[in-house]
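Protein chains: 2
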Amino acid sequence: MTSKVSTIDVHNTSSAYYAPATVAPGGKHVFVSGQAGLASDGSVPTDYVSQIHLALWSLRRIVIAANANIQNIAKLSVYIVDYDAANRKHTRPLMRFLGKHRPAITLVPVQKLAVPTWLFEIEATLVLPTIDMPRALPAPKVAVDVVIIGAGLSGLTAAHEVLRSGHTCVILEARDRVGGKTWSQELEDGKGVVDLGAAWINDVNQSKMNALAKRYGAELIEQNTFGDCVLQDFDGCCSKFPYGEVPMFDKDTRKHLVEIRDMVEADCQNVDAWGPRDPSLDSLTFEAYLASRGADKIALATAAVWTRAMLGQDPCDISALFFLNYCKSGGGLLTMRSDRKGGGQHLRVRQGTQLFAKGLASDLPKGTISLSSPVQNITQRGRQQADLLAGGVLHSARKVISTVPSPVLKTISFNPPLPQEKIAWSTSSGYGYYCKAMMQFSTPFWIEKGFCGLAQSFIGPASVVRDTSSPTDKKHILTCFMAGDSGKAWSTLPQQEREQALLKQLQALFTISDLQRSFVKSYSYEWNDDEYAAWGCPSISLTPGVLSGVGADAFRQPWKNIHFAGTETAGEWKGYMEGAVRSGERAALEVVKDLTSGVVARL
Amino acid sequence: MTSKVSTIDVHNTSSAYYAPATVAPGGKHVFVSGQAGLASDGSVPTDYVSQIHLALWSLRRIVIAANANIQNIAKLSVYIVDYDAANRKHTRPLMRFLGKHRPAITLVPVQKLAVPTWLFEIEATLVLPTIDMPRALPAPKVAVDVVIIGAGLSGLTAAHEVLRSGHTCVILEARDRVGGKTWSQELEDGKGVVDLGAAWINDVNQSKMNALAKRYGAELIEQNTFGDCVLQDFDGCCSKFPYGEVPMFDKDTRKHLVEIRDMVEADCQNVDAWGPRDPSLDSLTFEAYLASRGADKIALATAAVWTRAMLGQDPCDISALFFLNYCKSGGGLLTMRSDRKGGGQHLRVRQGTQLFAKGLASDLPKGTISLSSPVQNITQRGRQQADLLAGGVLHSARKVISTVPSPVLKTISFNPPLPQEKIAWSTSSGYGYYCKAMMQFSTPFWIEKGFCGLAQSFIGPASVVRDTSSPTDKKHILTCFMAGDSGKAWSTLPQQEREQALLKQLQALFTISDLQRSFVKSYSYEWNDDEYAAWGCPSISLTPGVLSGVGADAFRQPWKNIHFAGTETAGEWKGYMEGAVRSGERAALEVVKDLTSGVVARL
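Line by line, the protein sequences are chains U and C. Using full-length UniProt numbering, the first residue of the first sequence is number 1, and each one after it goes up by one. Using full-length UniProt numbering, the first residue of the second sequence is number 1, and each one after it goes up by one.
Please note: incorrect hints may appear among the correct ones.
Unchecked claim - As a list, the in silico BS3-like pairs of lysine-lysine whose alpha-carbon atoms are at most 30 Å apart: (1) K251/C - K141/C; (2) K214/C - K474/C; (3) K410/C - K28/U; (4) K449/U - K341/U; (5) K488/U - K141/U; (6) K89/U - K410/U; (7) K4/U - K89/C; (8) K4/U - K521/C; (9) K75/U - K560/C; (10) K504/C - K4/U; (11) K366/U - K341/U; (12) K191/U - K341/U; (13) K75/U - K100/C; (14) K4/U - K89/U; (15) K191/U - K410/U; (16) K297/U - K255/U; (17) K449/U - K255/U; (18) K358/C - K75/U; (19) K28/U - K560/C; (20) K191/C - K4/C; (21) K4/U - K4/C; (22) K255/C - K214/C; (23) K488/C - K141/C; (24) K100/C - K112/U; (25) K28/U - K191/C; (26) K141/U - K341/U; (27) K4/U - K141/U; (28) K89/U - K112/C; (29) K358/C - K112/U; (30) K28/U - K141/U; (31) K474/C - K504/C; (32) K75/U - K358/U; (33) K358/C - K214/C; (34) K112/U - K89/C; (35) K214/U - K474/U.
For the record, the hints were derived by calculation from the structure and aren't laboratory data.
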């Protein structure tokens with residue numbers, strides 16, 4: 001605390017005659033200069049929405065540098081060039097940035113800003129609370145070598161690796177069950193399950209899941225790709241096309257679609273899986289990237305089907321570099337989207353994917369997992385000394401492996417505080433709207449009509465539909481993926497109307513009437529309301545500027561005694577079970593290496 | 001301190017429905033309304049830069065009225081009409097206003113402001129620190145009638161006058177020497193001196209210096225004006241012209257130059273030396289004043305040579321009224337700039353001008369001067385009761401004469417605080433860049449080539465060069481005056497390169513090659529780094545608005561028991577030794593009168 005107005009600087013600002021922000025004496029008030037949309041290399045993308053994302057990213061960096069958070073913003077002023085009241089492009093990124101926090105805001109349309117290329121500028125006033133002194137912690141009750149946070153596939157895998165190395169460990173799990181985002185629910189008649197979360201693996205390039213499938217006797221169901229797929233166009237009209245081909249648009253459109261798709265495929269193959277680096281690609285939204293490469297309306301709508309089905313996001317909400325890197329982690333856009341051998345959605349598990357977590361958990365020594373133990377506080381007191389407070393119990397460990405999705409870090413208090421890069425990542429990362437509804441029918445009507453069950457829609461409510469039946473159990477199921485804007489609109493309906501809307505869409509897609517008669521029941525779960533899933537599924541996304549602002553390693557890198565895992569940190573198959581398992585192995589390896597070298601050093 | 005939002009008013013604002021500023025309950029937060037560039041009579045100059053200076057002046061007034069200072073500014077918003085990103089005119093005055101303080105700033109280009117003629121508006125948020133309680137002072141150790149601050153010519157003269165009236169006094173001098181901005185340094189061989197500071201007097205209208213010269217046996221050296229002068233044009237080309245004439249431009253240019261020069265001369269003669277009053281002239285920079293009177297590029301460059309050589313300032317940085325008044329104090333532009341009889345630069349002192357201060361000091365009773373005693377605090381407890389803390393010693397006095405340049409007042413804490421007008425003056429006043437380099441040569445090569453040694457340059461590094469040789473000592477010296485922007489650029493060079501740049505310029509000016517051979521040594525001193533000189537030399541300048549905002553007497557007027565002297569307060573020969581001596585006499589007279597009447601009143 002200082003008695004003067006002090007300045008906050010970020011990289012390359014200390015030579016300017018003004019500061020990015022000032023802190024008032026006493027440290028409670030922070031004044032942030034207008035922030036514009038500059039890429040990490042200082043360039044300014046011409047795209048309007050990309051600039052907004054980048055300006056918000058700059059603001060976030062300063063907020064973090066001020067030891068503040070978004071909830072401390074009391075006032076915003078937004079300056080907009082070429083403002084169009086009929087097309088308020090700033091509201092969407094701004095609402096996402098603010099979450100549920102509602103500051104005072106003034107919007108000022110202007111003719112120009114300080115630099116001719118700037119289209120958007122945002123200024124903020126923050127007020128911070130008086131800082132509470134940390135309360136005294138209880139005495140440690142549990143002392144182990146490693147505490148693992150989260151009993152999903154990542155944490156369970158890590159526990160096996162740690163124990164195998166001869167070290168002790170416990171897993172602290174916030175939920176009352178294991179499995180994290182794998183969660184299999186029995187059908188009403190007790191025969192067969194639906195997967196409320198992760199559902200698919202493959203046996204080609206997912207070696208870890210393939211091994212687990214063999215170990216735990218998973219009965220695999222191959223995804224059905226025989227028969228026609230369906231496309232629902234902007235006007236609601238539906239048309240058939242063979243699996244693996246491009247929908248039946250006119251010739252030029254199909255050619256254009258293939259070109260755009262192949263360009264994305266080629267571009268994502270050029271991105272480094274572990275260390276994507278391209279300030280220019282990262283300065284653009286995926287939509288701006290596509291538009292800058294000439295994508296037309298159909299191509300943009302098709303890309304929206306990709307981003308919605310894969311991440312629950314619309315293309316205007318995520319960084320182009322982030323999306324390309326995400327695709328790359330799963331072998332590329334084509335592989336990740338494929339339902340065939342080696343693709344992202346090739347094989348399902350008849351017993352449900354929670355089989356893996358349950359199996360891994362039951363193979364651990366009794367007492368290894370503490371359920372219903374959300375971690376509240378992590379205090380690091382020195383080398384290989386960390387105390388974790390969870391459910392009122394203090395756990396003492398030499399090393400910590402956190403497997404929670406990055407946004408969950410916001411709910412844990414760290415002492416000392418997390419480094420700025422990790423705060424920036426965990427507060428920037430977020431989920432789009434994403435909800436699966438497993439619609440059970442008494443007959444596989446789509447098969448009978450020559451469809452494979454795969455459908456995609458430009459208008460929703462479901463962006464994508466897939467067959468997730470279990471033939472052995474005689475369970476006929478279509479899983480509808482509601483995601484992004486159209487999914488979010490659907491989610492606001494009452495339960496009854498939600499089902500009706502889906503039935504109506506399925507009738508249109510598969511040219512069948514009176515589906516109500518064969519409809520049995522729907523199963524779904526709102527991951528977006530699940531705190532321990534970081535309010536979403538399947539994977540976080542990043543807005544423009546973050547990846548190149550803090551680096552692709554920012555979240556994954558160990559910090560003091562804490563190591564970070566979870567599918568989000570994987571280089572291969574991010575957002576998939578395979579990525580989770582691999583990340584758990586990687587983090588356990590880091591920890592074991594440090595623990596071992598630590599022992600040597602102490603001699 | 002109040003529990004309500006209270007208003008701050010300055011002159012003529014209390015009838016408006018808004019306040020110039022408000023203070024939040026508790027007194028720590030101050031919110032300043034947008035300030036535009038109004039002259040003290042409410043008029044708005046059309047000139048852009050002049051408006052910026054005036055708006056900053058308004059802001060300064062409010063900052064002072066809030067008992068705050070520039071360092072308390074947390075946030076600025078700048079609104080600019082006709083903003084041109086390629087010509088950011090606001091940065092220069094704003095950077096000078098802020099000094100090293102770096103608030104958060106947002107710049108908003110706008111189409112127009114509240115009043116059609118406004119081109120610039122600035123809004124501020126200030127946060128003040130919690131005020132420390134003043135520490136208890138030690139017991140007084142010295143008690144005299146008068147404490148004089150500063151042992152320059154002004155303070156030494158005042159001491160003689162005070163003692164002559166039968167009162168006791170001490171002089172507190174911050175430096176370890178007497179003389180202030182007169183400082184003579186012996187040449188390396190011990191024969192002859194150079195004057196690092198003030199150098200010239202005359203024997204026509206500088207009666208005080210003339211008397212001192214006689215009293216202390218100064219050997220006077222007449223400035224050499226025989227032979228040709230040199231002008232270095234924008235392109236670096238040099239041309240000769242006889243002393244006292246206009247450089248050899250084409251006929252029209254020469255005519256125009258003479259007209260502009262004569263206009264400035266006439267206008268300055270119309271300005272009152274002691275009480276300049278002309279809100280219109282004071283609302284303009286000297287550059288805007290010249291431009292509004294049709295000055296062309298050559299005339300503006302010539303005027304820059306004047307302001308640089310006289311004040312270290314560029315014409316865009318100072319008030320027209322201030323400059324005209326400054327000229328008037330020295331008899332007018334022509335007299336002040338003249339090197340001939342009666343001019344500002346007619347006679348030098350072979351022994352160096354510090355001779356005067358040393359002489360005056362040695363004529364004072366032992367113990368009158370305390371060297372190395374910078375004044376930290378002045379507490380006034382009542383009529384003819386003032387305590388001065390200097391170098392850990394408390395001096396008690398009935399009267400105080402401060403002879404320090406006004407910016408030095410910022411370094412002294414006053415209890416009670418200085419009145420707003422004096423704070424406004426002392427925080428507004430400042431020095432431009434100004435540095436003399438005395439270049440000693442083994443031969444007077446310029447004389448041999450028919451030059452008098454006087455040169456002026458539009459490009460620098462030296463704006464003006466003068467012969468400051470001492471023929472008796474056989475010392476051949478050219479003094480280069482680096483001032484304003486071109487001087488500041490030169491000052492950033494390493495010492496070796498500084499000399500080389502000057503040698504190169506002198507070679508061009510005097511059409512001589514290989515000056516290195518006859519170059520002996522250079523002597524100079526960075527007054528801009530000297531705290532006790534108020535970071536500059538020879539005189540402070542004022543930006544538009546100050547003189548008419550607080551009045552020409554604002555700094556000079558006595559306040560409680562403190563009287564103010566120093567060459568800056570002189571009506572005649574401001575910035576010269578003559579002005580210093582006169583101001584010391586004037587302040588001593590004020591003090592003696594009060595002390596005497598005080599005695600009478602007590603009877």
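A quick look at each hint next to the structure:
1. Taken as a hint, the K251/C and K141/C pair is broken in the structure, with Cα atoms around 69 Å apart against an allowance of 30 Å.
2. Our distance criterion of 30 Å between C-alpha atoms is met by K214/C and K474/C, whose separation comes to about 24 Å.
3. A C-alpha spacing of about 28 Å is found between K410/C and K28/U, which places the hinted pair at or below 30 Å, so the restraint holds.
4. About 24 Å separates the Cα atoms of K449/U and K341/U, which keeps this hinted pair within 30 Å; it holds.
5. The suggested pairing of K488/U with K141/U is violated, with an alpha-carbon distance near 44 Å, which exceeds 30 Å.
6. At most 30 Å may separate the alpha-carbon atoms for a hinted pair to count; K89/U and K410/U meet this at roughly 28 Å.
7. Pair hint K4/U plus K89/C holds up; C-alpha atoms about 29 Å apart against a cutoff of 30 Å.
8. For the hint pairing K4/U with K521/C, the CA-to-CA distance comes to about 45 Å; that exceeds 30 Å, so the pair is violated.
9. At most 30 Å may separate the alpha-carbon atoms for a hinted pair to count; K75/U and K560/C exceed this at roughly 45 Å.
10. Using a Cα cut-off of 30 Å, the hinted pair K504/C and K4/U is violated, with the two alpha carbons roughly 46 Å apart.
11. As the CA atoms of K366/U and K341/U are separated by approximately 38 Å, the hinted pair breaks the 30 Å bound.
12. With a C-alpha separation of about 27 Å, the suggested pair K191/U and K341/U falls inside the 30 Å cut-off, and the hint holds.
13. This hinted pair checks out: K75/U and K100/C have alpha carbons roughly 27 Å apart, not beyond 30 Å.
14. About 39 Å separates the Cα atoms of K4/U and K89/U, which puts this hinted pair outside 30 Å; it is violated.
15. About 40 Å separates the Cα atoms of K191/U and K410/U, which puts this hinted pair outside 30 Å; it is violated.
16. With a CA separation close to 14 Å, the supplied pair K297/U and K255/U stays within the 30 Å bound.
17. With a C-alpha separation of about 29 Å, the suggested pairing of K449/U with K255/U holds against the 30 Å cut-off.
18. A C-alpha spacing of about 62 Å is found between K358/C and K75/U, which places the hinted pair above 30 Å, so the restraint is violated.
19. For the given pair, K28/U sits about 39 Å from K560/C by alpha-carbon distance, which is inconsistent with the 30 Å threshold.
20. About 70 Å separates the Cα atoms of K191/C and K4/C, which puts this hinted pair outside 30 Å; it is violated.
21. At roughly 24 Å between alpha-carbon atoms, K4/U and K4/C fall within 30 Å of each other, so this suggested pair holds.
22. Restraint check for K255/C and K214/C: the C-alpha separation of about 42 Å exceeds 30 Å, so the hint is violated.
23. For the hint pairing K488/C with K141/C, the CA-to-CA distance comes to about 44 Å; that exceeds 30 Å, so the pair is violated.
24. Under the criterion of a C-alpha separation no larger than 30 Å, the hint pairing K100/C with K112/U is consistent with the structure, at around 28 Å.
25. Distance restraint check for K28/U and K191/C: the Cα-Cα separation of roughly 63 Å exceeds the 30 Å cut-off, and the hinted pair is therefore not satisfied.
26. This hinted pair does not check out: K141/U and K341/U have alpha carbons roughly 49 Å apart, beyond 30 Å.
27. Distance hint between K4/U and K141/U is unfulfilled; the C-alpha atoms sit about 45 Å from each other, more than 30 Å.
28. Note on K89/U and K112/C: the hinted pairing holds, with a Cα-Cα distance of about 26 Å set against a maximum of 30 Å.
29. The suggested pairing of K358/C with K112/U is violated, with an alpha-carbon distance near 61 Å, which exceeds 30 Å.
30. Our distance criterion of 30 Å between C-alpha atoms is broken by K28/U and K141/U, whose separation comes to about 37 Å.
31. For the suggested pair K474/C and K504/C, the alpha carbons sit about 24 Å apart, so the restraint of at most 30 Å is met.
32. Restraint check: the Cα-Cα separation between K75/U and K358/U comes to about 48 Å, which exceeds 30 Å; the hinted pair is violated.
33. Distance check on the hinted pair: K358/C and K214/C sit about 14 Å apart at the alpha-carbon level, within 30 Å; holds.
34. For the hint linking K112/U to K89/C, the alpha-carbon distance of about 16 Å falls within 30 Å, and the restraint holds.
35. For a cut-off of 30 Å, the pair hint linking K214/U to K474/U stands: about 24 Å separates their Cα positions.
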